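Engineer: Here is how the chains run, residue by residue.
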Amino acid sequence: MAQLRKQYSTAQIRNPLSIPSAEARRRKQKMTRMLFLLPAVCYMAFVYVLPIAYNLLISFQNYSLTTMANGNAEFIGLDNYIKILGNPLMINTIKNTALFVFFSILVQFSAGFALALYFNRRFPLSRFLRMILLLPWLLPLVVAATAFRWILSQTNGVLNEILLSLHLIGEPMGWLVTPGLALFSIILVNIWAGIPFNFVLLYSGLQDIPKDYYEAAKIDGASRIQTFLKITLPSLRHTIAVVLMLGFIYTMQVFDLVLGLTGGGPANSSQILSTLSYSFSFMDSNYGQGAAVGNLMLFVMMLFSLIYLRYGTKEDY
Amino acid sequence: MRRIQPFWFTAGGIVLMVIMVFPLYWTLKSALETNEQIFATPPAFFPESPTLEAFKEALAVQGPNILTSIIIACGTVILSIIISAPAGYALAKFKFRFTRPLLFGVLMTQMVPSVILANALFVIFHKINLTNNYFGIILADCSLSIPFNILVLRTFMAKIPTEIMEAAAVDGASDWKIFFRIIIPVSKSALITVGLFSFLFAWGDFLFALTIMTDSAIQPVTVSIYTFMGVYTSEWNNVMATAVLASIPASILLMFAQRYIAAGMTNGAVKG
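If you're matching them up, the sequences are chains A and B in order.
Numbering of the first sequence is given in the working numbering, commencing with residue 1 and proceeding in unit increments.
Numbering of the second sequence is given in the working numbering, commencing with residue 1 and proceeding in unit increments.
Bear in mind the hints are in silico, worked out from the structure with no lab data behind them.
Hints should not be assumed to be uniformly reliable.
[Claimed, not checked] In silico DSBU-like cross-links for lysine-lysine, where the CA-CA straight-line distance does not exceed 35 angstroms:
no. : chain 1 : residue 1 : chain 2 : residue 2
1   : B       : 95        : A       : 95
2   : B       : 188       : B       : 159
3   : A       : 211       : B       : 159
4   : B       : 159       : B       : 93
5   : A       : 95        : A       : 83
6   : B       : 95        : A       : 28
7   : B       : 177       : A       : 218
8   : A       : 211       : B       : 177
9   : A       : 30        : B       : 95
10  : B       : 93        : A       : 230
11  : A       : 83        : B       : 159
12  : A       : 28        : B       : 56
13  : B       : 159       : A       : 28
14  : B       : 177       : B       : 95
15  : B       : 56        : B       : 177
16  : A       : 218       : A       : 230
17  : B       : 159       : A       : 95
18  : A       : 30        : B       : 56
Quantities reported herein were computed from a predicted structural model and do not represent experimental measurements.
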C-alpha cells in the first residue's frame, strides 16, 4: 500500500497537466470496468447462449452426419418434435424421468434431512464422520457407476451375496439387467450419490438457527415434536426450498450414472431424457431429434425454476 | 442442544457412515485382490492377501488417461479462474445498470442441462476444429465451473470493505491495480475454493469428453474407465483399481482441504 501510494503520487505531481478532465476520466473508468466483465460475457455467449440458440435451430432441421458434412440441413419445422412425441420410447422415457426425479429427491432429501438432524448434535468423532459422508458426492459419477456395476452384478455382486445369506431373496437378482428392476436400481444409486449434498446444505441450515430459540422453547416446556414443527421447519424454509430446487435441477440432468450403470437398457427400459437425447444424437446421429429432446428438458426446467423464483424465495438473487 | 451426546451416538454415526461408505470400501477391497479372490463365494469382507497387482495393471493401461485428466483439469482451473475472478469482482463492486440481469443470467445457466450444450457444442466445435483438441474440451469443461466460480467469488468479494478500494483509488491506483494488488491477495481462500471445485468438476466430466472428443487421442480417465468396463467385464479387480485411481483427487482434497470444500458447497449452492 505504502509503495503504491508513493508511486502514484510522484507520477501525478511530476506531470499534473496529463490528468484528464473528470468527465473523460469517468468515461474511461467505465470502459475499463466493463473490461472486467468482457471475458466472462464472451465466454457465456460462446458456450451458453450460442449453443442454446444453435440447438433450437438444429431442432427444426433434418440434421444428420451427412448434413453436418455438406452444411445444408433441411428446415423441417416442428417435425422433430412431432416425431419424438409420437414415439412410444419418448413417452416411456418421460414416465421414467418423472419416477426417477420424484423418488430420488423424495428419498435423498428425507435421508439427508434425517442425517443432518442426527449430526446436529455434538458427539465424539462427529466432525470426522461428517466429512467422510461427503466423499460419495465428490467422486466422479462415472466412478460411482463403475463401483455399483460390480456391487450389483448378478453373478458375483456383493449385494446379491448379502441378501442371499440373509435369506431375503431366493436367487441372485439381475439388478441392472432386468427390465422392471434396472430403473429402480439406478434410482437407488442416485439416492446414494445425492444424500451428501442434501445433508450438507440442511446441516449448515440447521447450524444457522439461533440456539436461543431452542432454549426458549425448552423453558416453555415444548416437546421435541413441537420444537421441530414450530422452530426447526419454519427456520429452514428457505434452505429447504433451495435444496429441493437444486435437487430437481441436478436430478433432471443426471447422465453419467445412467449411462455407466445400464446405458439406458435393457431394451431402453431405464432411459431418461438426458440419455435419450444423447442416444438420438450420438448413437443414431439424429442431432435434430436429440436437440428436440434436450429443448423439452430445458423447457421443463425453466418452467420449474420460474415457479421457484416467483414463489419459492423472498430473497433477491 | 449443544450438550455433548453419549458415546452410543458415535456408534450410530459410525453405522450410518459405514452404510454410506460401504460401496467405496468394496471398490478398494476388490482393487486389492487378485481376479480369483474377488470371485470367491462367499466373498471375503477383508482382502486376505492384499496385492497391488491390479493397480500396476490399471496404471499401465490407464496411466495416459489419468495424465490427460490432469491436463484437462489444470487447464480448466486456470482458464475458469482467469475468466471468473474479474467478473466476480465487477459484479460485486462495480455498479452497472446491467449487473442484476447479468447475475440473473449466470444463475439461470444452472438450469441448462449439459446434454444440450454437448449436443450443440459438438456440432459447433466440429465446424471450427475444436473436437479432439485440448482447448476444446477445456472450454467445454469450464461451463461446469465458471458460473459457480462467479457466484462464489462475487459473494466473497462483496464482503471486502469498499474503504480499502477507495483508499487505493484516492492514491491513484487504477481498477486493475486494485484488483491485482488488493482484491486477489485478500480473496485467496475463495480463489482456492473455486480452484478446487473447478478441478473436481473437470476431473469428473464424462459427458463432454465422451461427445466432443470423438477419437481416442484425448481420453480422460472417466471415459476410459467407461470403455474399459465395457471391454474387460471379467477383470473387475483392474476396473476397481482404475476407479480407485480416479477417486484420488477427491479423496486428497477431502483430507487436506476440507474447509474449502465445505465453504464451496454451502456458499455456491445456497446463494444460488
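Engineer: Take the hints in turn and mark each one as holding or not.
Structural biologist: Hints, one by one, checked against the model:
1. B:95 <-> A:95: Violated, at roughly 46 angstroms.
2. B:188 <-> B:159: OK: residue 188 (chain B) and residue 159 (chain B) at ~14 angstroms, within 35 angstroms.
3. A:211 <-> B:159: holds, 25 angstroms
4. B:159 <-> B:93: holds, 10 angstroms
5. A:95 <-> A:83: This hinted pair holds, its Cα atoms lying about 17 angstroms apart.
6. B:95 <-> A:28: holds, 15 angstroms
7. B:177 <-> A:218: Given pair residue 177 (chain B), residue 218 (chain A) is violated - Cα atoms ~54 angstroms apart, limit 35 angstroms.
8. A:211 <-> B:177: violated, 44 angstroms
9. A:30 <-> B:95: holds, 10 angstroms
10. B:93 <-> A:230: With Cα atoms ~39 angstroms apart, residue 93 (chain B) and residue 230 (chain A) exceed 35 angstroms; violated.
11. A:83 <-> B:159: Since the Cα atoms of residue 83 (chain A) and residue 159 (chain B) sit roughly 52 angstroms apart, the hinted pair is violated (cutoff 35 angstroms).
12. A:28 <-> B:56: violated, 60 angstroms
13. B:159 <-> A:28: Cα-Cα ~26 angstroms, so holds.
14. B:177 <-> B:95: holds, 18 angstroms
15. B:56 <-> B:177: Given pair residue 56 (chain B), residue 177 (chain B) is violated - Cα atoms ~50 angstroms apart, limit 35 angstroms.
16. A:218 <-> A:230: This hinted pair holds, its Cα atoms lying about 12 angstroms apart.
17. B:159 <-> A:95: Judged against 35 angstroms, a Cα distance of about 45 angstroms means the pair is violated.
18. A:30 <-> B:56: violated, 58 angstroms
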